[in-house]
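K.L.:
Here is what each chain is made of, one letter per residue.
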Amino acid sequence: MALHPTLKHGTIFLNLKPFQIRKIHLISEILSPELGHYLLALSCCLAGIQFIVPLVGCKAKQASLMMLASPLAYAQGIALSLSFACLITASVTNDFSVLSVYQNSASNKPLLYKISGIWGNHEGSIFLWCYLLALFNSLLALSAQPIPLKLKSRALAIMGGCSAGFTLFCLLTSNPFLRLWPAPLQGQGMNPLLQDPGLALHPPLLYMGYVGFAIPFAFTVAGLLDNTIDLAWAQFVKPWVTIAWACLTCGIALGSWWSYYILGWGGYWFWDPVENASLLPWLTGTALIHALYAYTRTESLKLWTLLLSISTFSLSLSGTFLVRSGLLNSVHAFTSDPTRGVFILALLACISGSALLLYAWRAPTLAQETGVNPLSKEGSLIFNNILLCTIASIVLTGTLYPPFLQLLTNQSISVGKPFFEQTTVPFVLISLFFMAVGPRLPFKKTNSQHLLNILSIPAMLCLLIFLTSWFCLHQFLPALTLGLCMWVIIHTILNYAKKISFLQKSFQESWRQFFRLPYSVHASLIAHTGMVVTVLGITGMAFATHTIVEIPLGDTVPLAGYEWTLSSVQTVKGPNFVALKAAIKIAHKGKVVTWLFPSRKYFPEQNQIVTHVSIETNFIRDLYAALGSSKETLDKQHPLYILRLHYNPLAPWIWIGGLIMAFGGIITLWPSTKTKFKNDCL
Amino acid sequence: MKPKHKRFIVFLISMGCIGCALWLVLQAFSSNLVYFKTPSQLLHENTLKLSDIRMGGMVVAHSILFTQKEKMPCVQFQVTDGQAAIKVHYFGIVPDLFREGQSVIAIGHLDQNKIFIANEILAKHDETYMPKDVADALRKSGKWDPKYGPPPDPKTWNHILKP
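If you read the sequences in order, they're chains E and D.
Take the first sequence: its letters are residues 1 to 682, numbered as in my numbering.
Take the second sequence: its letters are residues 1 to 163, numbered as in my numbering.
Please keep in mind that the hints were generated in silico from the structure rather than gathered at the bench.
Just so you know, these numbers come straight off a predicted model, no measurement behind them.
Fair warning: there could be bad hints in the mix.
PhoX-like mimics (lysine-lysine), calculated; alpha carbons at most 20 Å apart, straight line [as the list claims (entries may be wrong)]:
hint	chain 1	residue 1	chain 2	residue 2
1	E	444	D	4
2	D	114	D	87
3	D	6	E	445
4	E	505	E	445
Work out the full structure: start from the sequences and follow the hints.
P.N.:
Printed below as a string of C-alpha cells:
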C-alpha cells in the first residue's frame, strides 16, 4: 500500500514551520486528555438519560419527552467524536503522560499507526466500540425513514441503554485517558505485528458490523415493548441489518487476508476463538437477512426473525467482550483482568437476558403464523435458516467446549481445525446445493413437475462436471465442491436469463429489463456468487503446495513448476526497525516470471522480529515467499537462509468473494425508484 | 396440506439437521481433541497412543540447536515445566517469537525414544505473555504462583531444572 511520506515516517514535525507547530500545540492544549475523559463521562450520562427519558415519555404518552431521544443521540455522538479526537491528539503528539499512549506508542512510530494504534489495545478497542455505537445511534436518529415516533424513540432508548452500559464499562475498567505520573520521555512502542495498514482498517470494519446489529436489536426490543411487529417494522430494520452484515463480511475478509499475509505461513483461517466469535454473528446475521426477506414477502417466520435479531446482537456482544475478558484463551486476547470479566458478564446478562425475557413474555401474544409449504421459496429460506443456525451451533460448541471442560474437569484440551472442518463442511455443501435451488422457486407453492423440469438438466451437467473433475483430480471433496459451485453458477445464470426474458424478447429489451430488475434480485444473486467465489478459493487452497528449505545464495528450488532462486540478501534500515531483505527470482521454464522480496524486520524497542512475506498474484494463483530465521553459521562466507515458499492456487478468491458478498448486500441500500420506501436507506 | 402438517415437516427437517450435527460433533470430538500435557506429565504417563498432543513449557536456555536434514531446516531444543525436560525436534521455521527462556507450545507426538516430534510450534504474539496452559502448569508444579509477583526470569530456567 502506498503511503504519503509523512505517514510512512514519523516526521510530521520535521518539515513544519514554527507557527504550524504552535498551532498543533494549541490544538493539543484544547483537545486535552482531560477534556476527552470529561466528554466520555458526559456521553455516558447522556446515554443514561437517552435510555430513561423516552421510555418514561412512552409510558406517560408525552410526545415532548419522546422527541428528546434524537437530540440526546446527536449530543452523545458529538461528545464521543470530540473525545475520540482528544485521544488521537494525545497519540499523535506523543503525550506519554497518558497511560494507554505510553503503553502502545513511541515517538518514532509512523503517523498512520499512531492513529490506528489507538484501537490496537484493550482500552482503545473498547473505546472505539463505544464510539461506533454512538455513531450508529446518531445515524439512527438522523435517518430519514418514516418511523413512527413511538417506535423510534423506544429504539433510540434501547440504543442509549446499551451505550450507557458500555461507556460505563469503558470509564470504570478500561479508561483510555488515565494519566501516568511522572510522564515518561518515551513510550513502550506498539507490537510491530500490528503495524500494518490492513490492521488499521480491520477492527473498525469488524466493530461496525458488531455494533451495527445493535440497531436491529433495538428495533426488536422496541417492537416487542410496543407489541407491534408488522411489515413496516421489517422495512425499517432491513437496511440496518444489511449495513451491519456487509461491514461484518468485509471485516472478516480483511482479518482473514491479514492473517494470510502477516503470519507468514499461508493460512487464512485458524478457527481461533476470536475468529469464531466473529463468524458466529455473521452466520446468524446471514440467517437474519434471509428470515427478514421471508417475513416481508410472506409474513411467515415472524417470531423466528425476532429471536434471530436478539441472538445475533448477543453473539456480537459476547464475541467482542468474552474474548477481551480473557475467558477464551486466544492469540488475540489482551492481558485479562477478572473485574472486567465480571462487569462484562453482568452487562451481557442484563442486555441479552432482559431482551430474551421480554421475548418470552410477548411472543405468545404476537399473532401465530401459518405453516409454510416446504417446496416454495419461503420453505427454502427456512431450510437455509436451519442450516446456518446448525453451523453456528457447531462452531459455538467447538469454541465453548474447551473452556467449559477446563472449568469442570480442570483438563485442558483444544479443539482445532480438523474438528471444525469435519463438522461444518457437510453442512456448507448442503447449503450450496440449496443456495442454487432456493432463488429459482416461486413464493407460496410450486408445481413439483415444473421444479423437476428446471432442475434436471443443470443437475446432469453438474454431475458430469463432478465426475470428470473427480476423475482428473483424484480427490472426492474438491470435485464435489466444484460440481456444487457450478450448480450454483448455472442456476444464477439461468435465473437471470429467465428474469430478463433472454431469447424471448429482443436483446435491447432484455438489456433494459436487466436494469429494471428490483435490487433484491441482484443482491441475492450477487451475494450467492460471492459465496461461490469464496468456496472456490477455499477449494483451490486445498491444492496449495509449499516447501521449507535452507539454502545458500544463488541456489534454486523447484516448486509447483516454477524455479525459485535466492538471488541476494540485503540489510535495510527503516524508521523504527532494521530489516533483512531477500530477493527471490521466480522463473517458469527458464523465463523470469517475477521477483519476490520477503523480509524480516527487527524492532529493537520491543526486541521483536516480524516476518514480512512477499506475494505475487495474478488472481489465479499466489506465489508466496517468507524469509525464516537466519542463524549464526560457522561458514561466514556462505551463510544459509531459511525460506518458506508457497504456491497457493485461487487464494485471492477467498477475500474477493467476501467483497462480492458485501457488495451484493450494499446494492439493496441504493434508493430504488420502484420500492415504496424510497428513503429507507441512510 | 394443513398448517399443522407443514409445521411438522419443518420440525422434522430441523430435528434431522440437529441430529446430524450432533452425530458429526461427537464423531469429531472422539477423534480430533488435542490434549494439553506438560513435559513431566508426558514422561510419567503413557501417551504413546495419542497422536496429537499440545505440550507447553519454557524453552531451556542454551538448548536450541539448528541443524539441517536434506535441505530441510531442523530445530532441536528442550522444553521444561520446571520438573522435567523433553527434547523436541521440529522441521520448519520457528515463529518469530521463539527463543530461549520463552514460553512455547509444541503440537505433535512423542516417539519411542522419548523425543517429541513437533508438527507445529506456537509462540505467542506478545513476548511478555505466558500462555494460560503454561502458567497453570507452572503453578501446579510449584515453580511459580501469580500471587507472588511476576514469573521467574526465563533466563534462570535451566538452573531451576534439576539435572
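K.L.:
Any of the earlier hints contradicted here, and which numbers?
P.N.:
4
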